[in-house]
Amino acid sequence: MKLIIKTVTKPGSTRANKTGAWRSFMPVFDHKLCSKCGICAIYCPEGVVHKLENGFYEPDYEYCKGCGICANECPKKAIIMVLEGK
Amino acid sequence: MRNRMVVVEGSFAVAHAVKVSRPHVISAYPITPQTHIVEDLAQFAADGEMNCEYMNVESEFSAISALIGASAAGARTYSSTTSQGLALMHEALFNASGMRLPIIMTVVNRALSAPINIWNDQQDSISQRDTGWIQLYAEDVQESADTIPQLYKIAEDPDILLPAMTCMDGFILSHVYEPVILLEQSLTDEFLPRYSPEIVLDPKNPMSFGAFADPSTYTEFRYKQEKAMAVALNRIEEVANEFNDVYGRYYGGLIDGYLLDDAEIVIMAMGSVIGTIKDAIDELRSEGESIGLLKVRSFRPFPADAIKKAIKNAKVVITLDKNISIGKNEGALCTEVKACLYNTDFRVPVIGFMIGFGGRDIPISMIRNLVTKAKLVEKGIFVESEIVDLREDLA
Amino acid sequence: MSLLKPGHRGCAGCCDALAAKFVLDAIGEDCIVVSPTGCLEVFTTPYPESSWGVPWIHSLFENAAAVASGIEVALKALGKKNNTRIVAIGGDGATLDIGLQAISGAFERGHDLLYICVDNEAYMNTGVQRSGATPLYASTTTSPAGKISSGNPQHKKNMPAIIAAHGSPYVATASVAYAPDMMKKVKKAAQTKGPTYVHVHAPCCTGWRFEGSKTIEVGRLAVETAMWPLYEMENGVITNVKKLRNKKPVEEYLRAQGRFKHLFTAESGVEEIKKIQAIADWNVKNFGLE
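Protein chains in written order, with our numbering: chain B, 1 to 86; chain V, 1001 to 1395; chain R, 2001 to 2290.
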């Protein structure tokens, strides 16, 4: 790895760090209840809740830290936090 | 038009040198005795003589911080300060060097408070010698001005990329009127290429400057700074010669000598006192003394090899320091010269005199006294290091 | 895909990460960001990684506004300014304590830049010590509640007013809990010429002591209890205020956070909560929230 003296290489290079390993609880999205409002995506501090082609939302579990904001804010209670078996 | 001398204030000559070096951004905060430099630059800007942004700020800390941002954005930058202002910048000096930003600054050497004192000594810049800035000390006004484009060339070298300060003694050089040659724009354009850094703050190529380096990566950054200083050691000599080729003037690269080759007594010093020492040496030589001068121009990087070579015939070495490390009872030049000799088998007594604090004048007679004192070493009387020229009624 | 990339080391539920995400996504790629030392800077740039999808620079703790000023001037000097926005994003400590001088100078000089203060009401990165933005009676590690102390005895410094007094053309308060409102204000501030300022309320789950999932909920309570009025000031005059239809008593906000727990257990708590309610009541009157 070449040491660039003043800077870091590549914008967004933190993607190498998979913070999904931090989780104890994981959010489970129930599309049957979902109204496609997008609030889960807006308020995810990691920016890893993504809109699917069909308009519903899913988290990127490689990075999701399991903070639970999406579940807490969902107006339809379509997201529940489940203890992840490891 | 070449070699046309004019009589101007030292500060004006320096401001003019900055102007012809074509900086993009100047930011500074006024403090005696630097004020005339920044005032002259402000006038140049107000008269449209510089294609440069001149930014007044609310403190020296903000001045150097603004230049850190400007330099990272790709600008050639300049500031000037002294004493309290330089001390206030202390944190940012490390930061600028660690971020490898080739900011150039004139330090108009002045004593540090407390007690408050506006006159010359070199405590201010010496106290910053660990910050990773190149430091060159000027002997006279011409050199103070000429060093500016030299430092840009050295600092902006892609293998160096370190900030650099040129040190000129406050009032003695900043406020004196001397005949000088004002640097010609055409020659400076020939000598100094444009500043075009490879990596800058640019939305088209986003990069992050100033990362957080934990124990696994921090050391290598320091190592690289030190390596850059080693490159600077050679480059300072080269650039001094390149300057001579274009302008026809040379004051030494890392060091310079005056009647040094056969000298048994060698006086070492930095800055304007060099001129006085040369006059003292002329007098003493005419009286049969075997005495010479070793001028240290570059203090950082420290030219250990050049110094060792230069004093190899000396029987006694005198160092003059306009600074002190309180608690060590020694000035920095003395300490570092002794240190670089220690592991060699060349043994010469090095006697340290600390003098000229807070602007106390150093006349030729004082230099002669110090030489007499130093010669007592032959009789076995050896004082390693002391503050001299003390007032009995106050000490 | 946000311009603040994942993989950063912010706490689960981090308010600073949310704030940065909203700022970048409101402004877009054509910007240069300056951060002072703080949580946001530390968790986004562990060498050799960076979360920032835009050019970014961190210098020191107290000089973000000065560094931003220098960048603005350099771009002008290099003829590269165009529409590139210069944005400083700093915490409350770096902005209204140690960085106050630099931001005052930058605003007095009138640079064309945007300063966003992400206010989590303490020096979070170093371990939750009090700052000039810490509200009355909040318990922090250097103003802890104890046998003879009810937490921070000082009132919160009114930074938007200080900035407005410098003649800024646009000053606004915002909250990470009101994302569309915040992004609209950030966009407006970015598009206004001159030095503009947005003060963002950022509830910190680690420092304020609540579950990370409640970050937005706590932020909403701050606004709904009038502890955090949302308003815009243009050229020193308040032009837009978020009115409260169902104002809640401050107790609901205080109960949700561990840093105010002592107010509900100590005897003096009743009077102290009344004092905090008085602050909320003053906000209602002063900003016309009802």
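Quick caveat, the hints were computed from the structure, so don't treat them as lab data. All residues carry an ideal CB built from backbone N, CA and C; glycine is no exception. Mixed in with the good hints there might be a few duds.
Ranges of calculated distance between the beta carbons of each label pair, as one might list FRET restraints [what the hints assert, rightly or not]:
(1) V:Thr1217 x R:Arg2255: 36 to 46 Å
(2) B:Lys51 x V:Asp1189: 20 to 30 Å
(3) R:Gly2236 x V:Asn1244: 51 to 61 Å
(4) R:Thr2239 x B:Ala16: 42 to 52 Å
(5) R:Val2241 x B:Pro75: 49 to 59 Å
(6) R:Glu2290 x V:Ile1116: 31 to 41 Å
(7) V:Glu1238 x R:Lys2157: 32 to 42 Å
(8) R:Thr2239 x B:Pro75: 48 to 58 Å
(9) R:Lys2157 x B:Glu58: 38 to 48 Å
(10) R:Glu2290 x B:Pro75: 43 to 53 Å
(11) V:Asn1241 x R:Ala2161: 31 to 41 Å
Only pairs whose alpha carbons sit at most 35 Å apart, straight line, appear in this in silico DSBU-like list of lysine-lysine [claimed, not checked]:
(12) R:Lys2184 x B:Lys18
(13) B:Lys10 x R:Lys2080
(14) V:Lys1278 x V:Lys1224
The hints, checked one at a time:
no., hint, result
1, V:Thr1217 x R:Arg2255: 36 to 46 Å, "44 Å, holds"
2, B:Lys51 x V:Asp1189: 20 to 30 Å, "56 Å, violated"
3, R:Gly2236 x V:Asn1244: 51 to 61 Å, "59 Å, holds"
4, R:Thr2239 x B:Ala16: 42 to 52 Å, "45 Å, holds"
5, R:Val2241 x B:Pro75: 49 to 59 Å, "25 Å, violated"
6, R:Glu2290 x V:Ile1116: 31 to 41 Å, "56 Å, violated"
7, V:Glu1238 x R:Lys2157: 32 to 42 Å, "54 Å, violated"
8, R:Thr2239 x B:Pro75: 48 to 58 Å, "31 Å, violated"
9, R:Lys2157 x B:Glu58: 38 to 48 Å, "43 Å, holds"
10, R:Glu2290 x B:Pro75: 43 to 53 Å, "26 Å, violated"
11, V:Asn1241 x R:Ala2161: 31 to 41 Å, "60 Å, violated"
12, R:Lys2184 x B:Lys18, "32 Å, holds"
13, B:Lys10 x R:Lys2080, "22 Å, holds"
14, V:Lys1278 x V:Lys1224, "38 Å, violated"
Figure legend: structure checked against the earlier numbered hints; hints not met, in rising order: 2, 5, 6, 7, 8, 10, 11, 14.
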